[in-house]
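In terms of the numbering used here, the sequence shown is numbered consecutively and its last residue is 168.
Just so you know, the hints here were simulated from the structure itself, not pulled from any lab data. Just to be clear, a hint being listed does not mean it is correct.
What the hints assert, rightly or not - Per label pair, the in silico range of CB-to-CB distance:
hint	residue 1	residue 2	range
1	A148	W59	32 to 38 Å
2	A82	M115	17 to 23 Å
3	S46	R116	36 to 42 Å
4	T57	I90	16 to 22 Å
5	N151	P65	21 to 27 Å
6	S42	A64	23 to 29 Å
7	R135	P65	20 to 26 Å
8	A142	L66	20 to 26 Å
9	E67	D134	20 to 26 Å
10	G62	Y154	35 to 41 Å
Where a beta carbon is used, it is the ideal one built from N, C-alpha and C, also for glycine.
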Amino acid sequence: MYLSLFGSAERVYELIHRTQWEDGHAPLEHWLDTPDSLYFIANAFNLCVVLIARLRSTTVLPLYSYSDRTVDTLLQMRDRCSLPPLHVQWEYQCSDRVTGCARAYSNRIADWNTRYARAYPPGDPIHVNL
């Protein structure tokens with residue numbers, strides 16, 4: 039799954055390596071590479087990750103789920119809280135078990151697009167390679 043998303047085994051290994059740090063302040067090699075690293079976080083914790091950025095914001099949902107958590111508990115938000123659009127690769131890479139997540143948040147994403155379309159134009163999230 040990650041190989042088709044990131045294009046090479048080397049890139050997948052690099053991203054996994056970046057997320058593996060538990061010993062105080064992380065050196066530069068362990069800083070997250072957004073939005074790519076966000077998939078590893080979303081999958082590891084089975085949670086939604088929202089990246090709010092000046093140029094492009096995005097929402098990353100888990101690509102798969104091994105738990106019995108429902109879509110409703112994946113992300114608990116206040117009513118009328120909008121979400122940035124899903125990362126462009128999510129719908130092509132996610133498993134059948136989590137496809138309902140996009141439908142569950144479609145109103146929140148539509149609200150974001152209505153409110154912030156001019157401030158945050160749509161498109162692929164920006165990749166920052168360190």
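Structure-based check of each hint:
1. A148 <-> W59: 32 to 38 Å: About 37 Å separates the Cβ atoms of A148 and W59, which means 32 to 38 Å holds.
2. A82 <-> M115: 17 to 23 Å: holds (21 Å)
3. S46 <-> R116: 36 to 42 Å: Holds, since S46 and R116 (Cβ atoms, about 40 Å apart) stay within the stated range.
4. T57 <-> I90: 16 to 22 Å: holds (20 Å)
5. N151 <-> P65: 21 to 27 Å: violated (38 Å)
6. S42 <-> A64: 23 to 29 Å: Check passed, 28 Å falls within 23 to 29 Å.
7. R135 <-> P65: 20 to 26 Å: Between R135 and P65, where Cβ atoms are some 36 Å apart, the hint is violated.
8. A142 <-> L66: 20 to 26 Å: Hint violated: Cβ distance 37 Å, outside 20 to 26 Å.
9. E67 <-> D134: 20 to 26 Å: violated (35 Å)
10. G62 <-> Y154: 35 to 41 Å: holds (36 Å)
When each numbered hint is compared with the structure, violations occur for hints 5, 7, 8, 9.
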